[in-house]
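Turn these sequences into a full structure, and let the hints guide you.
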Amino acid sequence: MKNTFGNSVSITLFGESHGAEIGAVLDGLAPGIAVSEEYISNKLSLRRPAGKISTARVEPDRFRIVSGVYGGYTTGTPVCIVIPNENTKSRDYASTRYLARPGHADYTAYRKYHGFEDYRGGGHFSGRITAALVAAGAVAQSALEAKGILIGTHVARCAGISDR
1 MKNTFGNSVS ITLFGESHGA EIGAVLDGLA PGIAVSEEYI SNKLSLRRPA GKISTARVEP
61 DRFRIVSGVY GGYTTGTPVC IVIPNENTKS RDYASTRYLA RPGHADYTAY RKYHGFEDYR
121 GGGHFSGRIT AALVAAGAVA QSALEAKGIL IGTHVARCAG ISDR
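Quick note on numbering: the sequence shown equals residues 1 to 164 in this note's numbering.
If you're looking for bench data, these hints aren't it; they were derived computationally from the structure. Predicted model, so just to flag it, every value in this text is computed and none were measured. Do not rely on the hints blindly, as some may be mistaken.
[Stated by the list, open to error] Pair by pair, the computed Cβ-Cβ distance ranges are: (1) R111 / A159: 32 to 40 Å; (2) G127 / I149: 24 to 32 Å; (3) R157 / G28: 34 to 42 Å; (4) L150 / G71: 25 to 33 Å; (5) G72 / L133: 16 to 24 Å; (6) K2 / V66: 17 to 25 Å; (7) Y70 / A159: 46 to 54 Å; (8) R111 / G76: 34 to 42 Å; (9) R101 / G148: 42 to 50 Å; (10) H154 / T77: 33 to 41 Å.
[What the hints assert, rightly or not] With a straight-line Cα cutoff of 20 Å, these simulated EDC-like cross-link-like pairs (lysine to aspartate or glutamate) come out: (11) K2 / E21; (12) K43 / E21; (13) K2 / E117; (14) K2 / D118; (15) K147 / D27; (16) K43 / E145; (17) K2 / D27; (18) K147 / E37.
Backbone N, C-alpha and C fix where the C-beta goes; we use that ideal spot for every residue, glycine too.
Next up, the structure:
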């Protein structure tokens, strides 16, 4: 039951929605890659909930790089990024402990962890964990951009409508 993905560069996600912190560990990055905390903050601001149909929970997404970066550059050792959970209301979930909420991974978590999961706010399967994914992705993206590699998408066709 791993939470680590990747081969030459791997990412491990940790934490739960209502735990003390969430975070990511990036392993396999070369030494000497520039890491900008401002760049990471900007990417995190793009994932912050906004609008009528998103979550009402808003977190400041303050983060700490606790290892793998010194003087603004990767050291070649694992990069660990930690993000505190500051806006939790765990008591709101006590009455729904054994109810699988529609559109959530509650049942999947229950089956995977045999009832030992932290169910509050969706636990490890919460959208909150994407903050750690975005922070780690920002480090990887800036490394690629430094090499002239840009990642983007383009929808060429959707439901019979084509782009020109």
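Cross-check of the supplied hints:
1. R111 / A159: 32 to 40 Å: Since R111 and A159 have Cβ atoms about 35 Å apart, the given range 32 to 40 Å holds.
2. G127 / I149: 24 to 32 Å: Because 28 Å falls inside the window, the suggested range holds.
3. R157 / G28: 34 to 42 Å: For G28 against R157, whose Cβ atoms are near 36 Å apart, the range 34 to 42 Å holds.
4. L150 / G71: 25 to 33 Å: holds (26 Å)
5. G72 / L133: 16 to 24 Å: holds (22 Å)
6. K2 / V66: 17 to 25 Å: Since the Cβ atoms of K2 and V66 sit about 21 Å apart, the hinted range of 17 to 25 Å holds.
7. Y70 / A159: 46 to 54 Å: Taking Cβ atoms as reference, Y70 and A159 lie about 50 Å apart, which means the hint holds.
8. R111 / G76: 34 to 42 Å: Cβ of R111 to Cβ of G76: about 39 Å, so the range 34 to 42 Å holds.
9. R101 / G148: 42 to 50 Å: With a Cβ separation near 44 Å, R101 and G148 satisfy 42 to 50 Å, so the hint holds.
10. H154 / T77: 33 to 41 Å: holds (37 Å)
11. K2 / E21: holds (19 Å)
12. K43 / E21: holds (19 Å)
13. K2 / E117: Distance of about 14 Å is within 20 Å: holds.
14. K2 / D118: holds (16 Å)
15. K147 / D27: holds (19 Å)
16. K43 / E145: Answer holds: K43 to E145 is near 14 Å, not above 20 Å.
17. K2 / D27: Roughly 15 Å separates the two Cα atoms, so the pair holds.
18. K147 / E37: holds (19 Å)
Violated hints: none; the structure is consistent with every hint.
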